[in-house]
Amino acid sequence: MTGDTVEAEKLKEGTTRILGLFIIESTSAFEADLMDDINVGASKYCQIAEMADRFYPNVMPDFVAENPAIEEEQHPIPQGTNESLLKLLSTPYHILSEKFKRAALDLKETIVVETWGLTKQQVPDFTLYCGTLGTAFLLFKAYQVTKNTNDLAVSSQIVKDCDSASRHSRDVTFLCGRAGVCALGAVVAKYMGDDQLVFYYVSQFKEIKLTKDLPDELLYGRAGYLWAFLFINKHIGQGTIPSTYTAAVINEIIKNGRKLGGKGRSPLMHEWYGEMYWGAAHGLAGIMHVLMDFELKPDDLEDVKGTLKYMVKNRFPSGNYPASENDRRRDLLVHWCHGAPGIVLTLVKAAEVFGDEEFLNAAVAAAEVVWNRGLLNRVGMCHGISGNAYAFLSLYRLTGNVEYLYRAKAFACFLLDRAHKLIAKGEMHGGDTPYSLFEGIADQIQNDSMKYNTKCCCKVCGNIM
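Sequential numbering from 39 applies to the sequence shown in this note's numbering.
If you're looking for bench data, these hints aren't it; they were derived computationally from the structure. Honestly, I wouldn't trust all of these hints.
[Unchecked claim] Here are the simulated DSSO-like pairs of lysine-lysine, each with C-alpha atoms no more than 27 Å apart in a straight line:
1. K293 <-> K347
2. K272 <-> K244
3. K351 <-> K247
4. K297 <-> K228
5. K247 <-> K301
6. K185 <-> K250
Full structure from sequences and hints, please.
Right, here's the structure in full:
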């Protein structure tokens, strides 16, 4: 292994500790060079000042090498300054990764207290997206990093109460429905070595019924049900849930997509509440990504490919993507749910599945949008900085280019350095459900821990499994 490869692997290990659980002194000459980079970077964002209410101008250098002279706790610098952020960016991986891990685990404890302890173990919202199941998922991911069996036990207890709360729910998806409870319950039971409990949750999953009026999208629809299927089979074993449970669901998604597609536009098109969305949460990106995880018929696979090519062809000149088919004029949203970040993840998957350079190039262009406009004034997975960082991690996994790993680390460093102070000052939105996985700080933790163990938590990135 070459010296460069060793350093890349070190950076990979350290950066992975930051992003999904969330996500010192240098020489004067070194600091001066970095400050020059910051000042140069600031000037190029004057032209987009009118959009500053949505994101912070990214004036971080395009790349910062580690500075071996930095030692932990030497000459502490107040957080929230250019100097403190630059220090984090140049901190050696073995120090930075431990910072991320400590911050992530501290936040984990806070979230468990706020969502489980203070509620007297009640479940007002059982979902993984914004509810108590998200805390169980967070504890499961923490266990994967630390091997703390108490985290696994608490996760199992939370799932048990979510199971009771969701028993009569008609919602069927991984993120927002009964399937998520059964899937996470089965997987946690597997890690606990409780075969009887695995059998219970798998049996409960098999009893879930999908209604004919179900949409096709990821949060509330058929794609979200398929996601839960994939989660179970990856962790417990292929065939745990037979493909007979998914074949008709896939066929229905393809059939519905063809009804709305064609006629000079995308081969497949789907709608949610009358709107033909493109993004990961409700639209084409999320649906296509899930479909690419299955062995499709040749014609079906070709339509998935054609749909993604249609999206690339009709993107904004900036490299960003419309929120929906009828929203082609507003190059505004840069979120996981709508816009470039979620679509990067799908394009990376497409580059892997089809080996098509067009998809990789489009993912790279969209990632530039995320770097320039993705430091949102919110935390969280769905429409915050944490979720946007996964775009860089997915590209790093595909290409091995450490530039993308650095960019993911940079977004996590920004959160670690500034999120607490910005939220306290009312300059950053802490989320409508501030301790949840997809809209609050739980993904900031997940983000940090992911940089610890190199596992991404977002399905559309392909590795929530």
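Quick rundown of the hints versus the structure:
1. The suggested pairing of K293 with K347 holds, with an alpha-carbon distance near 19 Å, which does not exceed 27 Å.
2. The straight-line distance between the Cα atoms of K272 and K244 is roughly 16 Å, inside the 27 Å bound, and the hint therefore holds.
3. Distance restraint check for K351 and K247: the Cα-Cα separation of roughly 37 Å exceeds the 27 Å cut-off, and the hinted pair is therefore not satisfied.
4. Our distance criterion of 27 Å between C-alpha atoms is broken by K297 and K228, whose separation comes to about 41 Å.
5. For the suggested pair K247 and K301, the alpha carbons sit about 33 Å apart, so the restraint of at most 27 Å is broken.
6. In summary, the hint linking K185 to K250 is not supported, as the alpha carbons are separated by about 42 Å, beyond the 27 Å threshold.
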